[in-house]
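Chemist: Going down the list, the protein sequences come from chains A and B. Numbered per this note's numbering, the first sequence spans residues 1 to 704. Numbered per this note's numbering, the second sequence spans residues 1 to 202.
I should point out that these hints are in silico values taken from the structure, not numbers from a laboratory. No residue lacks a Cβ here, since even glycine has one placed at the ideal position from N, Cα and C. Do not take every clue at face value.
[Said to hold, decoys possible] Restraint ranges, calculated between C-beta atoms of paired labels, are given here:
| # | chain 1 | residue 1 | chain 2 | residue 2 | range |
| --- | --- | --- | --- | --- | --- |
| 1 | A | T264 | B | G51 | 53 to 59 Å |
| 2 | A | T133 | B | G73 | 46 to 52 Å |
| 3 | B | K26 | A | F540 | 51 to 57 Å |
| 4 | A | L403 | B | K26 | 39 to 45 Å |
| 5 | B | G105 | A | T264 | 56 to 62 Å |
| 6 | A | A525 | B | S47 | 34 to 40 Å |
[Claimed, not checked] Cβ-to-Cβ under 10 Å is the rule here; a few derived chain A residues that face chain B:
| # | residue |
| --- | --- |
| 7 | Q78 |
| 8 | L81 |
| 9 | P221 |
| 10 | P226 |
[To be verified] Residues from chain A shown here face chain B by an in silico Cβ test under 10 Å; the list is partial:
| # | residue |
| --- | --- |
| 11 | P70 |
| 12 | D72 |
| 13 | S76 |
| 14 | P104 |
| 15 | I105 |
| 16 | N107 |
| 17 | C147 |
| 18 | T151 |
| 19 | S222 |
| 20 | S225 |
| 21 | S227 |
| 22 | G246 |
| 23 | E250 |
| 24 | G252 |
| 25 | E597 |
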Amino acid sequence: MRHMSKLVLCWLIAMTVFTPVYAAETSGVEIDESRVTVVTDHDVIAPGQSFYMAVQWAMEPGWHVYWKNPGDSGESLQIDLDPRTAFMAGEIIWATPKAVATGPIINYGYEGRALFPVLITASEDSVPGETLTLSGSAYALVCAEICIPRTVPFSLSLRVGEPQIDNRWQNNIERTLKKVPPPSAAKASAYLDDGALFVDVADMELADGVIEDAYIFPDEPSFISPSDAQQITLGPQGLRARLVPGYKTENGVESEIPFILAFTQDGEYKGVHLTAKPGPPLDVGLAVIPSASTIAGGEISLLIAVLFALLGGVILNLMPCVFPVISIKILSFAKSGAMSAAQIRAKGWAYAGGVFATFAILVAILIVIKSTGQLIGWGFQFQNPAIPAVLALLMFMIGLSLLGVFDISGPWQNTGQDLTARRGLGGSFATGALAVVVATPCTAPFMAGAIGYALAAPMMSMIAVFAALALGFALPFLILCYVPKLLQSLPKPGPWMKTFQEILAFPMFATAIYLAWVVSQQTGANGAAKVLIAMLLAGFGIWLLRRTHIAFKALAILALIVAVALPFTLETDAAIGTLSADAGYEKLVWSPQKVAELRAEGRAVFVDFTAAWCVTCKVNERGALADKDVAAAFNATNTAFLVADWTNRDDVIAAELKLYGRAGVPLYLYFPPLAAGEAHDPAGAQILPQVLFSGKVIEILQGG
Amino acid sequence: MIRRTLLALTAASAIAISIPALAAVKTGDAAPGFTAVDSNGVSHSLSDFAGKTVVLEWTNDGCPYVKKHYNSGNMQKIQKDATDNGVVWLTVISSAPGKQGYVDGAGANTLTENYGAFPTAVLLDPAGDLGRMYDAKTTPHMYVINAAGNLVYQGAIDSNRSSDPATIPAATNYVLAALDAVENGETPQTMQSEAYGCSVKY
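The following block holds chain A by itself, in its conformation from the complex (with noise of 0.2 Å):
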């Protein structure tokens, strides 16, 4: 019972009543991990002054006292006169405090030499040459790993009479006065939107300099989460933080919120205090939820944001799953080399008129679902297996067509090769359509930053990226319209032409198998025979078509039905994962409690946020990630590699994209490993590029 009588002790030290010191400055008192003194800036005060009295609590390393609001547990710091002394007391005025971490909870307090100024104020009957006793206790809760509450009475003598300035402990007094935060006259705003709790602080006037390592301490308890990760995001304007509600929160923001903003400028830690009233979101310069990434690397502004979609827009025209669609189209003016040049205007501004109204589709089924709630990130349209099924057996059908199997002005009707292939204005318009649903995986792992901007950002920035996208997309197709030089020199129509399209058809095929192959990740081995079957029929179907006999033709539309109907029965398999063993190293399910506990064991982790339909992951799995040296480097620092799989839909797995601003994947994070004593932060990972090459993966891993 060693350990219960070592408690009994230190708990009797805590009750312990100090023998009072009779003097402007009480000689420090000591008690293990604190040595306390409480001092005044006065020696001699003339009746009726005010002056400062002030606690100074030094601590041990390791040891901290609380805030006014202690965060996550603790006790405030407290300072009480008698009552029956000859002084009025004011409140404790604070410093800015710092957000001390004990394990995962998150506190609000002071370490090392705090200074606690309180403003005293004389009776105004005291007579000169009296002297005065000013006594009470401060009382502070002392934490480390442990706790131990400390009560220190104090009692100093002050003689009445002409006024005589201590000039020592004035000028440490000054010294925290100037670091308690003086009051903005910036705008502050709190909202709720998607369960989490943003602050808006517009119009604030700060000094030059770089703004560092900002956050929030609310004045009072409950309105905020504070063991949760603060994300906040500087703009031209302000700033905005994404904290996690507190329970007075939760349900929406329904009073003032006072708060310190606390931060780093040139070195010097400092604060400001705010009050953020109920309201509506604040212009700031940002439309952007901030993510780990803008306050690594600058944030994303919108024109920059634009900017990125429309150049995103034009290289997606590069992609295997686009360019064969756009080269039909090339083809088809080709053919009609003898087109006007309004014509051929004409027909790229139908084209880019399809691409913008099925961008404008996905836009309203985006706000509908964004607006319902739900956790979505792009390339949601390929979670449903369903949808890659029907595209694989849609570029099979035109792989067929273009090898000449059938004809286009067969009866093979309401599918995107017969509209594409339409001569007129409508054919122009569908293959933009086409083109941009097709474009969707490609999209994904290029675009996830101005998609992650725009998912996360007010409804108009979104249409506005949005529209740059669909622009950069339609743009070179526009460009081809409008440059007639270029479209004629495009070959002479000729018999290369039907080799050419015979060619095309290859990339069809090889777009049919990626996609099958998707299917077969999200569903399985089952998923994929039955989009093959499919195949099967349909190709059995229009062979049958060309039977003259009404039974064989009903047998075909029938045979076409069940083709176009089986992607449809498709069932996600939950137990599907992209986890292989081959790497050289042990990859291990990704969530986010698992993170916590590797970190906890003091491993550094690497996070692979990946998907089955994403390309640019595959290309970084097969490449930088099966690297024989980065398996090295993982196997030598130790390093756990956990795979995040976002095949299939995974609201935990969005919602931590959508932590670090992306709407998906890839996404590669990596943990270093914790310090002593430092906290797991899950925001707080860093960001590697999502392009991955081995030299770099294997810098970050060595601490580069």
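Fit chain B to the given chain A structure using the hints.
Modeler: Leaving out everything else, chain B in the frame of chain A:
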């Protein structure tokens, strides 16, 4: 759906429960189910106590705020009052091995005996899974689950956040108030408060 079912199965079959770290449990919602082993090696599931009021009390015998309520006999009095009325009282120790408050089964039983405490069982949660599941942040941190399995109170034991036992008589005891309300088929007036005390030593 399949994923959710799998998750539920996992939760039912192991003490380790898959919930993101420090995910808050919403007051008024169904209390998340758990299975944990007590100081005598007996396994308890929340579902075992369906139809009964359940109190969860996070503790750490080294914490001054726990001492405030145990050395004064306040906690024992509430426990006795509650368990006499058929309430299931589960004391939970989530301190990690090597950290303050960690005890093995025998150690926990000694504490119960020395304090003259009346818990139905003392659950040992050295991995902190149960603590994280309920987002327990302090010792003491109190939870009241009604007979329908809904969380009707979470937070502090009473309204005075001091470590001084002298403040107990004048403080409003939220747990007793919640238990009284539940017994009368009512919703507690205070369903949530900011817990106070030492941090849970995960």
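Chemist: List in ascending order the numbers of the hints, as given earlier, that are violated by the structure.
Modeler: Checked against the structure, the hints that fail are numbers 2, 4, 5, 8 and 24, while the rest are satisfied.
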